[in-house]
Amino acid sequence: MNEFEWRRQMRELRQPLAPPHELWNRIDAALDSATAAAKPVRRPWHWLPAIGIAAALVLAGWFGGRLQQQLQPTPAVASASQPWKPADPRLAGAAIELTAAQIELRQALQQAPNSTALQQLLANTERQQASLRQLEHQAG
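Each number in this note's numbering comes from the position in the sequence shown (counting from 1) with 4 added on.
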């Protein structure tokens with residue numbers, strides 16, 4: 005086979021070729037039966053986003069309540085957070101140191117609220133301040 009014959013065969017391939025029988029009728033019928041047989045898609049979970057939003061709101065409310073409980077000072081803490089200025093000059097230096105320590109510990113607790121070591125240090129500092137107040141009251 006030379007190049008001329010090959011080109012002649014290629015030109016013959018460009019001619020339209022009709023199928024031996026019509027296929028479009030069968031394709032159209034198959035598509036119609038497939039759409040008629042297909043059931044509508046049921047979405048049993050169409051209410052799932054609403055439940056998710058409700059759950060998120062409940063969780064946000066719960067976390068907000070917990071945070072508000074933690075931020076409300078108890079009466080002992082509220083009285084301890086007020087600056088204490090003892091009349092006795094021997095206790096004034098200790099009062100200043102303990103107040104500064106409390107402020108620093110509270111700032112550290114804001115950065116790491118779950119730190120048990122910081123919470124224990126703050127409780128110890130408040131106990132020391134309470135004992136100094138008792139000393140002032142007894143000496144007073």
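Don't take each hint at face value.
What the hints assert, rightly or not - Think about it this way: if two alpha-carbon atoms lie no more than 20 Å apart in a straight line, the pair counts; the simulated EDC-like pairs of lysine to aspartate or glutamate are: (1) K89 x E130; (2) K89 x E101; (3) K89 x E108; (4) K89 x E140.
Please keep in mind that the hints were generated in silico from the structure rather than gathered at the bench.
Each hint tested on the structure:
1. Note on K89 and E130: the hinted pairing holds, with a Cα-Cα distance of about 15 Å set against a maximum of 20 Å.
2. Proximity of K89 to E101 is assessed by CA-CA distance (about 12 Å); at most 20 Å being required, the pair is judged to hold.
3. At most 20 Å may separate the alpha-carbon atoms for a hinted pair to count; K89 and E108 meet this at roughly 18 Å.
4. A distance of roughly 10 Å separates the Cα atoms of K89 and E140; the hinted pair therefore holds under the 20 Å criterion.
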